[in-house]
Amino acid sequence: MRKVWLASAALLVFGVAGCGSAGGGSNAADDVIRIGFIAPTQGAFGEIGENLVDGARIAVDQANAAGGIDGRQLELVVTDEGTSPQTATQAARDLVGDGVELVGGMFSSANCGAVAPIIEQSPAVLITGSCASNEQTGAFTGQAPFTRTFGVAARDRSTADAVAEVIGQRFPQVRTFDVLGFDYKWGRETWDGFRDGLDGGAGITVNREQWLPLNTTDFRAQVSAMSRGLAGERDGRGVFLSTYGAGTAGFIQQAESFDLPQQIAVLANAGEYYNVARSLNGRAPDMWNAYDYNYAAFDTPVNQEFVEAYGAMHDGARPVGWTYQGYLVGLAYTAALQEAGTDDPEQVRTALEGVTFDGPSGPVTIGAESHQADIPTVVSHTVGAPDQPDGIDVVETIVVPYGGR
Amino acid sequence: MGEIVAALVAGVAGGVPLFVVASGLTLIYGVMRVLNFAHGALFALGAFVLATVLGGAAPSPLMLVVALLVAAVVVGAVGAVSEVTIFRRLYTRDHTTTLLASYALLLTLGGLTEQIWGVTPRSQAQAIELAGAVGIGGIRVAVYDLVLIGIGLVLAAGLTVLLRRSSFGQNIRAVAHDETMARALGVRARRVQLPVFVLGSALAGLAGALIAPLVSIEPGLAPTFVVQSFAVVIIGGLGSIPGALVAALLIGVLESFAVSFQPGLVGFSLYIGVAAVLLLRPGGLLSTSSGLREA
Chain A
1 MRKVWLASAA
11 LLVFGVAGCG
21 SAGGGSNAAD
31 DVIRIGFIAP
41 TQGAFGEIGE
51 NLVDGARIAV
61 DQANAAGGID
71 GRQLELVVTD
81 EGTSPQTATQ
91 AARDLVGDGV
101 ELVGGMFSSA
111 NCGAVAPIIE
121 QSPAVLITGS
131 CASNEQTGAF
141 TGQAPFTRTF
151 GVAARDRSTA
161 DAVAEVIGQR
171 FPQVRTFDVL
181 GFDYKWGRET
191 WDGFRDGLDG
201 GAGITVNREQ
211 WLPLNTTDFR
221 AQVSAMSRGL
231 AGERDGRGVF
241 LSTYGAGTAG
251 FIQQAESFDL
261 PQQIAVLANA
271 GEYYNVARSL
281 NGRAPDMWNA
291 YDYNYAAFDT
301 PVNQEFVEAY
311 GAMHDGARPV
321 GWTYQGYLVG
331 LAYTAALQEA
341 GTDDPEQVRT
351 ALEGVTFDGP
361 SGPVTIGAES
371 HQADIPTVVS
381 HTVGAPDQPD
391 GIDVVETIVV
401 PYGGR
Chain B
1 MGEIVAALVA
11 GVAGGVPLFV
21 VASGLTLIYG
31 VMRVLNFAHG
41 ALFALGAFVL
51 ATVLGGAAPS
61 PLMLVVALLV
71 AAVVVGAVGA
81 VSEVTIFRRL
91 YTRDHTTTLL
101 ASYALLLTLG
111 GLTEQIWGVT
121 PRSQAQAIEL
131 AGAVGIGGIR
141 VAVYDLVLIG
151 IGLVLAAGLT
161 VLLRRSSFGQ
171 NIRAVAHDET
181 MARALGVRAR
191 RVQLPVFVLG
201 SALAGLAGAL
211 IAPLVSIEPG
221 LAPTFVVQSF
231 AVVIIGGLGS
241 IPGALVAALL
251 IGVLESFAVS
261 FQPGLVGFSL
271 YIGVAAVLLL
281 RPGGLLSTSS
291 GLREA
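Protein sequence lines, in the order shown, are assigned to chains A and B.
So in our numbering, spot 232 of the first sequence is number 232, and the numbers just go up one at a time.
So in our numbering, spot 186 of the second sequence is number 186, and the numbers just go up one at a time.
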């Protein structure tokens with residue numbers, strides 16, 4: 001009995017991290033066009049969801065302020081993505097079941113991978129926000145795997161290629177890398193892309209590869225081991241982080257204890273990082289990061305309007321990549337709805353194929369065959385600066401043009 | 001040799017916060033037989049309280065100590081409210097009921113934390129005097145790791161003295177061993193249960209506060225550490241504080257050695273330990289029939 005009790009407790013305990021919830025629904029009147037938006041609204045990924053929703057809300061508010069779509073206002077119906085493919089698919093089913101057939105958002109590639117087939121079997125359309133796995137659109141094959149799913153985020157391979165290109169040019173002497181990453185598809189794909197992007201991997205020495213379970217926050221053993229292997233070789237050494245969010249922040253804080261950033265020539269990563277640097281209150285290290293967006297990268301009226309709108313919502317704070325992705329979802333739907341002249345999902349789907357709209361980076365086109373938005377990738381060189389906005393000095397941004405099909 | 005010593009130090013330091021949080025968990029289980037799922041939320045609460053008290057800026061060591069104590073006291077108070085309003089009513093119920101109640105409390109505290117502090121991650125700067133690393137015998141050791149090891153030793157000794165040498169400790173062990181007999185002998189169980197729950201909760205808060213300068217302080221802290229602390233309790237033996245100490249250090253050292261010498265096993269030592277113990281010694285490494293009896 002004691003064994004059964006212990007085993008049950010263990011099972012329950014190890015299941016806790018995967019639990020979540022879904023919900024949704026809307027009672028909107030018929031004279032509004034409802035756009036369902038799926039995003040994690042609570043827990044560890046709550047900040048990401050909040051940013052995605054903020055971006056979409058800015059686009060919807062701008063469209064409504066401009067008169068809506070043929071006089072009809074847009075309404076955002078937000079529902080919780082949760083933390084698993086099960087909760088995400090339930091959220092999608094809830095929206096479609098409630099008649100909300102224009103769906104957007106989502107954070108996790110695994111969740112998008114689970115929801116896309118559900119959407120494919122329905123009359124609905126999906127524009128994914130942050131999901132960036134290479135196979136989700138036809139960015140590299142030319143042919144979208146799903147007829148009803150579109151993607152606005154740069155693919156993992158694009159961000160990895162971009163950071164590799166810039167690091168290869170700026171730090172040609174760095175030939176030895178340590179890598180620390182989350183052991184799942186995104187983490188591995190990003191590192192593989194970065195390594196292959198540096199001269200096709202030729203001449204690169206990988207000193208130590210460390211792959212950790214997703215959401216690991218204690219890296220002291222890894223930092224200690226990494227630090228021991230770096231002594232006296234600063235100019236030729238680099239560290240690549242295939243982590244994100246709390247993982248990246250935790251690593252940086254623990255690395256400070258060993259002065260690790262001072263022992264290497266370059267610290268690089270791919271994926272959203274601005275929020276991490278902001279959370280470090282001016283103590284962020286010198287970092288080279290590639291992702292879809294940096295507020296300082298684009299000198300366009302749309303970007304200026306976007307940054308101002310977000311700042312007005314959050315006391316002058318700057319939008320991050322997730323906000324940008326949510327914004328692109330809203331802009332894409334607005335443009336497709338205007339082109340279709342109706343909210344019939346089939347006609348909106350057709351309009352999305354090849355639609356062009358003005359985004360913060362300039363004109364954006366969603367490939368008619370690939371279903372992939374041709375957005376550039378931004379490589380940002382940042383360092384913590386307590387006296388700068390958000391505690392971050394954006395030293396330089398390099399815009400790498402879209403490289404897909 | 002230097003590599004082994006450095007890995008050992010990093011592993012022991014990594015195990016200390018686990019020990020602190022798991023000792024509270026196991027203490028509560030040992031006396032009340034409550035497997036408190038909300039312990040992870042109390043841990044996260046400790047980190048949030050410390051960051052709020054210090055405001056994210058680098059504190060002096062004295063201010064850090066004050067903030068650690070404040071975090072422990074605040075979380076202990078939350079534990080007291082939980083005991084009086086929820087768990088006290090459930091001590092005579094079956095395990096499933098208390099498990100569900102504590103899980104509900106975990107979700108409630110998580111939601112309250114998000115309401116108070118939001119979902120945006122924050123960080124807490126290290127005290128300048130405790131930042132950086134020092135060279136010891138040819139290896140570099142993080143100063144804060146040494147502090148953590150020191151605090152762990154003090155807490156382990158303090159808990160041992162409390163349980164073995166004080167009359168309160170005697171009462172704790174009596175209630176843990178046989179509550180009915182203890183009552184018959186004049187021990188007022190209620191006067192033991194509430195302080196134990198408060199102490200256990202305060203330890204969770206202290207552990208969260210201790211680790212705050214090293215992690216991103218955000219809602220995801222709770223599930224991360226509740227899993228690890230339960231694993232420590234399962235490996236060490238439910239209700240055994242020496243078991244929690246041994247298991248926490250074992251997990252920390254195993255993980256650190258995996259990093260240094262067998263990277264393929266990184267992240268799995270926790271699960272390997274739990275699986276091995278459940279198979280070979282289901283009661284845990286240092287289990288006794290009544291847990292705290294041998295504390």
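One thing to keep in mind: the hints can contain errors.
Which residues of chain B face chain A? A partial, calculated answer using Cβ under 7 Å [what the hints assert, rightly or not]: (1) Ala101; (2) Pro121; (3) Arg122; (4) Ser123; (5) Gly150; (6) Ile151; (7) Val259; (8) Gln262; (9) Gly267.
FRET-style restraints, in silico, Cβ to Cβ [claimed, not checked]: (10) B/Glu129 <-> A/Thr141: 52 to 62 Å; (11) A/Gly354 <-> B/Ala57: 21 to 31 Å; (12) B/Ala80 <-> A/Arg170: 40 to 50 Å; (13) A/Glu346 <-> B/Ala77: 53 to 63 Å; (14) A/Asp196 <-> B/Phe268: 22 to 32 Å; (15) B/Leu265 <-> A/Val395: 17 to 27 Å; (16) B/Phe268 <-> A/Asp286: 29 to 39 Å; (17) A/Lys185 <-> B/Met63: 41 to 51 Å; (18) B/Gly132 <-> A/Arg170: 27 to 37 Å.
For the record, the hints were derived by calculation from the structure and aren't laboratory data.
Please read all numbers here as calculations on a predicted model, not as lab measurements.
All residues carry an ideal CB built from backbone N, CA and C; glycine is no exception.
Quick rundown of the hints versus the structure:
no.	hint	in the structure
1	Ala101	violated (13 Å)
2	Pro121	holds (4 Å)
3	Arg122	holds (6 Å)
4	Ser123	holds (5 Å)
5	Gly150	violated (16 Å)
6	Ile151	violated (15 Å)
7	Val259	holds (4 Å)
8	Gln262	violated (11 Å)
9	Gly267	holds (4 Å)
10	B/Glu129 <-> A/Thr141: 52 to 62 Å	holds (56 Å)
11	A/Gly354 <-> B/Ala57: 21 to 31 Å	violated (52 Å)
12	B/Ala80 <-> A/Arg170: 40 to 50 Å	violated (56 Å)
13	A/Glu346 <-> B/Ala77: 53 to 63 Å	holds (58 Å)
14	A/Asp196 <-> B/Phe268: 22 to 32 Å	holds (27 Å)
15	B/Leu265 <-> A/Val395: 17 to 27 Å	violated (39 Å)
16	B/Phe268 <-> A/Asp286: 29 to 39 Å	holds (33 Å)
17	A/Lys185 <-> B/Met63: 41 to 51 Å	holds (43 Å)
18	B/Gly132 <-> A/Arg170: 27 to 37 Å	holds (28 Å)
Comparing the model with each numbered hint stated earlier shows that hints 1, 5, 6, 8, 11, 12, 15 do not hold.
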